[in-house]
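Work out the full structure, taking the sequences as your base and the hints as a guide.
Per the numbering used here, residue 4 is the first one in the sequence shown, and the count goes up by one each step.
Note that these hints are calculated values from the structure, not bench results. The beta carbon of each residue, even a glycine, is placed where N, CA and C say it ideally should be. Do not take every clue at face value.
[What the hints assert, rightly or not] Think about it this way: if two alpha-carbon atoms lie no more than 25 Å apart in a straight line, the pair counts; the simulated SDA-like pairs of lysine to any residue are:
| no. | residue 1 | residue 2 |
| --- | --- | --- |
| 1 | K259 | I100 |
| 2 | K55 | I32 |
| 3 | K191 | K55 |
| 4 | K120 | K158 |
[What the hints assert, rightly or not] Pairwise CB distance ranges (calculated):
| no. | residue 1 | residue 2 | range |
| --- | --- | --- | --- |
| 5 | S50 | N188 | 19 to 25 Å |
| 6 | N188 | D125 | 37 to 43 Å |
| 7 | K106 | D44 | 34 to 40 Å |
| 8 | F29 | T187 | 17 to 23 Å |
| 9 | Q214 | N276 | 35 to 41 Å |
| 10 | H265 | K24 | 15 to 21 Å |
| 11 | N172 | Q214 | 23 to 29 Å |
| 12 | Q214 | E67 | 28 to 34 Å |
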Amino acid sequence: MNKRHITSAISQSFGKFASKKFPKWFQKIVNASYVSLMGLDMSEFHSSSTYKSLNALFTRRLREDRNFSLNAEDFISPCDSFISECGEITNDYALQIKGMRYKCSELLGDKFSTEEKNFISDGTFINFYLSPKDYHRYHIPTNLKVLKAVHIPGKFYPVNVPSLKKRVNLFIENERVVLLCETTNKQKFYMVLVSALNVGVMQVSFEPRIQTNADAVKPSVYTFDNLYLDKGTDFGCFEMGSTIVILAQKDMLEAKVNAGEHVKYGEVIAKLNQI
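And the structure:
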């Protein structure tokens with residue numbers, strides 16, 4: 004029988020609490036307290052009192068979608084986040100934070116072929132950290148086709164900056180969902196959704212069979228033939244906050260952001276080069 008890691012149990016317990024619908028009067032207090040404690044900016048969302056659980060508040064949708072560039076060469080941020088690190092992939096290594104590197108091939112796991120992994124050699128990586136106060140939904144950064152999704156069970160260590168500085172291979176140890184994507188120009192990149200403590204669920208709306216922080220102990224693979232998604236499409240959420248990693252093929256992206264910057268979903272963060 005597989006023994007689950009303590010971080011999984013903690014995240015499940017928190018998830019049960021967050022999903023519980025308390026009496027309306029008490030739920031208002033819980034929600035308002037969370038908004039105040041975390042410093043949430045609710046200007047683009049409904050009042051905190053309208054959400055029937057803490058989890059509903061976590062996964063809140065924008066009242067109105069944001070305007071963003073429809074230019075094909077503009078690659079937009081998939082989320083509201085802090086850029087914890089970005090740069091070039093060198094000899095299969097990227098940074099989880101300055102001074103702490105990991106192997107991209109290990110992050111992707113063993114369900115991608117050598118050929119599928121090699122295209123990011125000397126490519127670009129961008130790490131997006133979504134804090135508990137951020138908008139937790141994620142969106143498609145450019146018109147694309149999803150070729151493959153792999154769910155890799157794992158642990159649920161915190162992914163905030165202090166944790167990134169202390170724990171080696173944090174992204175690799177944590178549970179994650181890896182998406183292999185192809186742009187309309189046949190350029191390929193990965194979007195990796197990384198779990199974190201108290202983030203027991205990562206929703207992927209186009210593949211409901213992906214069930215995170217469940218009973219799975221081995222990676223699950225999902226392939227798609229004609230799954231096209233438009234730029235800006237909401238394709239799921241973290242049920243609190245976590246990290247997204249983008250790994251792009253060489254010369255595909257000309258990054259317009261730097262580590263240490265805050266970005267919002269819809270902002271142009273890179274230019275798509277014609278390869």
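Tested hints:
no., hint, verdict
1, K259 to I100, "holds, 18 Å"
2, K55 to I32, "holds, 11 Å"
3, K191 to K55, "violated, 40 Å"
4, K120 to K158, "holds, 23 Å"
5, S50 to N188: 19 to 25 Å, "violated, 43 Å"
6, N188 to D125: 37 to 43 Å, "violated, 19 Å"
7, K106 to D44: 34 to 40 Å, "holds, 37 Å"
8, F29 to T187: 17 to 23 Å, "violated, 49 Å"
9, Q214 to N276: 35 to 41 Å, "holds, 37 Å"
10, H265 to K24: 15 to 21 Å, "violated, 32 Å"
11, N172 to Q214: 23 to 29 Å, "holds, 24 Å"
12, Q214 to E67: 28 to 34 Å, "holds, 31 Å"
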